Amino acid sequence: MKDKKANFKRLPLLEAIILGFLVVAPLFLSDFYTVILTRMLILCLLAISFELCWGYSGIMTFGQGLFFGMAGYAVALLANKVGFVQIWGVIPIGIFVGTIVSFLLAWLLLLGKKAPEIIFVALGTLTFSYAAERLVSGWYYVGGGNGLSIFEFLSFGSYEIEPGVLFYYIAGIALLVSYLLSRYLVRSQLGLVLAAMRQDEKRLLFLGYRVRGFKALVFTFAGAVAGLGGALYAHHEGFIGPNNMGIGISTMAVLYTLFGGVGSLIGPLIGVFALETISFTLSGVDAFKSFWPVILGAILLVVVTFKPDGLTGFIVSRRERIGTFGRIDKKEKNGRKETKD
Amino acid sequence: MEEILKIVFDVVSFSCIMVLIVSGLAIIASLMGIFNFAHGEFVLLGAYVTFLFQAMGLPVGLGMVCAPLFVGMFGFLLEVSIIRRFYNATIVAMLATYAIGLIIRELTRGALSGRFWKVSEPIPGLFQIGDMSFSIWRGVIIIITIIVMYGCYYFLTKTLFGLKIRGAMENPSLARASGISTTRLYAFTFAFGAALAGLAGALMVPLYTLFADLGLRFLVMAFLSVMLGGVGTFEGPLLGSAMIGAMVPGFQWIREAPVIVDILSPIFSEVLVFIVAIIIVKFRPQGLIKRGRI
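Heads up: the protein sequence lines correspond to chains A and B, in order.
Once you know that position 306 of the first sequence is 306 in my numbering, the rest is easy, because the numbers rise by one and skip nothing.
Once you know that position 41 of the second sequence is 41 in my numbering, the rest is easy, because the numbers rise by one and skip nothing.
By construction, these hints were calculated from the structure, which means they are not laboratory data.
Hints should not be assumed to be uniformly reliable.
Which residues of chain A face chain B? A few of them, derived with a C-beta cut under 8 Å, are [what the hints assert, rightly or not]:
1) MET60
2) PRO92
3) LEU108
4) ILE118
5) LEU123
6) GLY124
7) LEU126
8) ALA131
9) ARG134
10) LEU135
11) ILE247
12) PRO293
13) VAL294
14) GLY297
15) ALA298
16) THR305
Quantities reported herein were computed from a predicted structural model and do not represent experimental measurements.
Just so it is clear, CB atoms sit at the ideal spot from N, CA and C, and this is done for glycine as well.
Hey, can you work out the whole structure from these sequences and the hints?
Here you go:
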């Protein structure tokens, strides 16, 4: 088993490089760029949430933006109406809202009498995203089309956490924890079931797995991650609006993931950094601004048509992305060795 | 009584639009196995072409004739250039059509400069039955839909080309083995489905305002009609869209009750329609009409 070539892994290397870069980045970036980068980190949570659904379990969802936005609205309402901005409350509330909303959706769409088809789930989540966007843009209690602004900074006790280096590290830790949890999840035996679900759902059903239950589980977990992102986003930007919870942001989640590369957790992160950097550097050009959504659509089309592996596909082989799952039992391992010998 | 009849008339005309949209969607889905996420945007394109004719000072009616032709052509080009690659990967095809839809939607948004536009009815006015008056244009929509749907039915069941389509639907490889070019058939059918969507968009745009998210809205409504009515039947979507159409004014009426009016804004009734529809689907997933024939 000690084949050197097989043991050389590019994926962990890539992860380590990105982690290293993110840890030291604020040391040599100005405050302005740190704030931009924090925003990207938060959007990474959204992208990971979509990747868990689509890349790992084959659930096509246009609902990640909904969980993201719901959590954002929840903490924004709390800050506006009650004046509660404590970080130890805001983060759990974001996760809680994301979990509840995604569980509700999973119950409605995934846990039906008959096994849900991919199209049904995709359109169902699309419907909810669309409905929610319409709802908040016409509901004056939550700000209507103007959205909600948060005027106070996120705080711990009486200490205010302004967007900047400290907020950057908080978002970074949130991302790291979510990333590691997701990584553990998809590389465990559960992850193997999820991968099987993505590859051949029917066969898995015949083997006796409760596919719907697993789908609902991963969908809810992904919702929690998106909710965490939404809560942080609302406080970081100091604003949440209908644009942050509807089809638009859900589409962005799809784009980040597909552009960065489906099938690895690092792919969506790369997608976020790549797309957001392009969007940021070119945001000064007026003609570009109005055509950016069109360009995004074209990017999605090109990726889907010609490079389904996305950007990470250039670096990491498909075999490595599929990877291994969980630990192999000692006994089994020995057994394998014996047959090899 | 008069009120109810008027609502029924409105609901029927709304259902007719939905029938045009859903049948285009269904014919593509059942022949090629691809769910077309860009279908709503084809509706939008149809509406936009009509709007362009009005903006250029040409008669709106002419625009309505040209819209299905144009959207059909567009659908044909799309099939030949892009959709064709995805016949053995229908899930990826869904993403591709979503991307196409996104491009069309955003281009239209740019062209409409993000505003709401109104297109006038080509035949304005009201007609009288007894002492009740109905909008002529809605009546025209109903008549055109009946003619088009009958034409489709005749085309599919009575002509040689229709026979080929049905054959390819039943068994594509056998159809190919019998010397039917499914490639050409698929391109034609996709164009035809797109043209139906374009027609629906052109016909309904005088009743609504034209804005970029119009297509999305109709895609969602078409989805809900199909789910409510039952997949794979002809009457299903008809009934489903009638229900959705009936729910909109129904909830509007509930909303005007004294207590609720303070809480609910007009948009609620629309959102409530979506939620109620999904909940019905949850508890009756087979739809109102079970799959029988077709």
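Okay, the hints, checked on the actual structure:
Annotation: MET60 (chain A) was flagged as interfacial toward chain B, and the flag holds, the nearest CB pair being 7 Å apart, inside 8 Å. For PRO92 (chain A), the interface hint is violated, since its Cβ never comes within 8 Å of a Cβ in chain B; the closest pair sits about 27 Å apart. Given the 8 Å rule on beta carbons, the hint for LEU108 (chain A) holds: about 5 Å separates it from the nearest Cβ of chain B. Interface restraint check: ILE118 (chain A) against chain B, minimum CB-CB distance 6 Å, threshold 8 Å, status holds.
The interface hint given for LEU123 (chain A) is met, as the beta carbon of that residue sits about 4 Å from the closest beta carbon of chain B, less than 8 Å. Given the 8 Å rule on beta carbons, the hint for GLY124 (chain A) holds: about 7 Å separates it from the nearest Cβ of chain B. With its C-beta approaching chain B no nearer than about 7 Å, LEU126 (chain A) sits inside the 8 Å limit, and its interface hint holds. Annotation: interface hint on ALA131 (chain A) holds; nearest CB of chain B at approximately 4 Å, less than 8 Å.
Taking 8 Å as the C-beta cut-off, the interface hint given for ARG134 (chain A) holds, the closest approach to chain B being about 6 Å. The beta carbon of LEU135 (chain A) is positioned within 8 Å of a beta carbon in chain B (closest approach about 5 Å), and the interface hint is therefore held. A cut of 8 Å between beta carbons decides the hint on ILE247 (chain A): the least distance to chain B is about 7 Å, and the hint holds. About 4 Å separates the beta-carbon of PRO293 (chain A) from the nearest beta-carbon of chain B, less than 8 Å, and the hint is met.
Against a cut-off of 8 Å between C-beta atoms, the interface hint on VAL294 (chain A) holds, since the closest Cβ of chain B lies about 5 Å away. Proximity of GLY297 (chain A) to chain B holds as hinted, the smallest CB-CB distance being about 4 Å (cut-off 8 Å). Given hint, ALA298 (chain A) at the interface with chain B, holds; its Cβ is 6 Å from that chain's nearest Cβ, closer than 8 Å. Because the smallest distance between the Cβ of THR305 (chain A) and any Cβ of chain B comes to about 6 Å, under 8 Å, the interface hint for this residue holds.
In summary, the one numbered hint that this structure violates is 2.
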